[in-house]
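**Q** The lines below spell out each chain.
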Amino acid sequence: MDSSVLLAACGSTTGASRETFRIAESESWEIISTPYVISEITTNIPELGLVAVETWNCIRGKLQIVRDILTIDLPVVFPKSKDRPILFSAFAWADVLLTLDRKDFDGLIGRRFYDLPVLTPAMFVEWHRKSFPAQPT
Amino acid sequence: MMSTFQEIELAASKLPVTEKQELLLQLASSLRLERSQLPSPRVFTKKEMMGWIIEDEKDMATLRANR
Numbered sequence: 046m047d048s049s050v051l052l053a054a055c056g057s058t059t060g061a062s063r064e065t066f067r068i069a070e071s072e073s074w075e076i077i078s079t080p081y082v083i084s085e086i087t088t089n090i091p092e093l094g095l096v097a098v099e100t101w102n103c104i105r106g107k108l109q110i111v112r113d114i115l116t117i118d119l120p121v122v123f124p125k126s127k128d129r130p131i132l133f134s135a136f137a138w139a140d141v142l143l144t145l146d147r148k149d150f151d152g153l154i155g156r157r158f159y160d161l162p163v164l165t166p167a168m169f170v171e172w173h174r175k176s177f178p179a180q181p182t
Numbered sequence: 022m023m024s025t026f027q028e029i030e031l032a033a034s035k036l037p038v039t040e041k042q043e044l045l046l047q048l049a050s051s052l053r054l055e056r057s058q059l060p061s062p063r064v065f066t067k068k069e070m071m072g073w074i075i076e077d078e079k080d081m082a083t084l085r086a087n088r
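Protein sequences, first through last, are from chains A and B.
Numbers given in the numbering used here equal positions in the first sequence, counted from 1, plus 45.
Numbers given in the numbering used here equal positions in the second sequence, counted from 1, plus 21.
Be a bit skeptical, because a hint or two may be false.
Simulated pairs of lysine-lysine, DSBU-like, Cα-Cα distance not exceeding 35 Å [stated by the list, open to error]:
1. B:K79 <-> B:K67
2. A:K148 <-> B:K41
3. B:K68 <-> A:K175
4. A:K175 <-> B:K67
5. A:K148 <-> B:K68
6. A:K148 <-> A:K107
7. A:K107 <-> B:K68
8. B:K35 <-> A:K107
9. B:K79 <-> B:K68
10. B:K79 <-> A:K148
11. A:K175 <-> A:K107
12. A:K148 <-> A:K175
13. B:K79 <-> A:K175
14. B:K41 <-> A:K107
Simulated from the structure, these hints should not be mistaken for laboratory data.
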């Protein structure tokens, strides 16, 4: 999960980002993040106010923290060096990367980075609905 | 002094093969080191973050409406 999604999940109870936490809980799926993403949230969350900070303290405990991956042995044409740790870590550890950051991940959202789907939380919720129609979301 | 990519490339092309190999290995090594360092966390503006939240809420509202 990219920083943008975690920040949105902390900033709103009614967005698709928060819904992904409900889905993950109901499906017993793990939400993965890395120390780099945690450092971005810690840096930026105060700007969203006290409620968001308190929500972050709750949400943080639900995350599975894995090591940052900084390089991969595959050719990559992706100019944003600051997003490489997020993309590469997701590629190494996750089944899907969720992001709302169209500025830095533009061109990848709705597509794949090798075999890793890069989706917005809403795309993920929609995929979940279609794949698990009986499940409430 | 060489400063542009073209000047460096031209100079490198004039090196003997063994020195070209050495240069290549040194470049690869420094590139690997550079890329292995974690960048500093990105600082987002409040406007940027609120934009994500608004988009996220709007997307979810659309999904709920289309249920």
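**Q** All hints are to be evaluated individually against the structure, with a verdict given for each.
**A** Here's how the hints hold up against the structure:
no. : hint              : verdict
1   : B:K79 <-> B:K67   : holds (18 Å)
2   : A:K148 <-> B:K41  : violated (39 Å)
3   : B:K68 <-> A:K175  : holds (33 Å)
4   : A:K175 <-> B:K67  : holds (34 Å)
5   : A:K148 <-> B:K68  : holds (13 Å)
6   : A:K148 <-> A:K107 : holds (27 Å)
7   : A:K107 <-> B:K68  : holds (27 Å)
8   : B:K35 <-> A:K107  : violated (58 Å)
9   : B:K79 <-> B:K68   : holds (16 Å)
10  : B:K79 <-> A:K148  : holds (18 Å)
11  : A:K175 <-> A:K107 : holds (25 Å)
12  : A:K148 <-> A:K175 : holds (28 Å)
13  : B:K79 <-> A:K175  : holds (20 Å)
14  : B:K41 <-> A:K107  : violated (51 Å)
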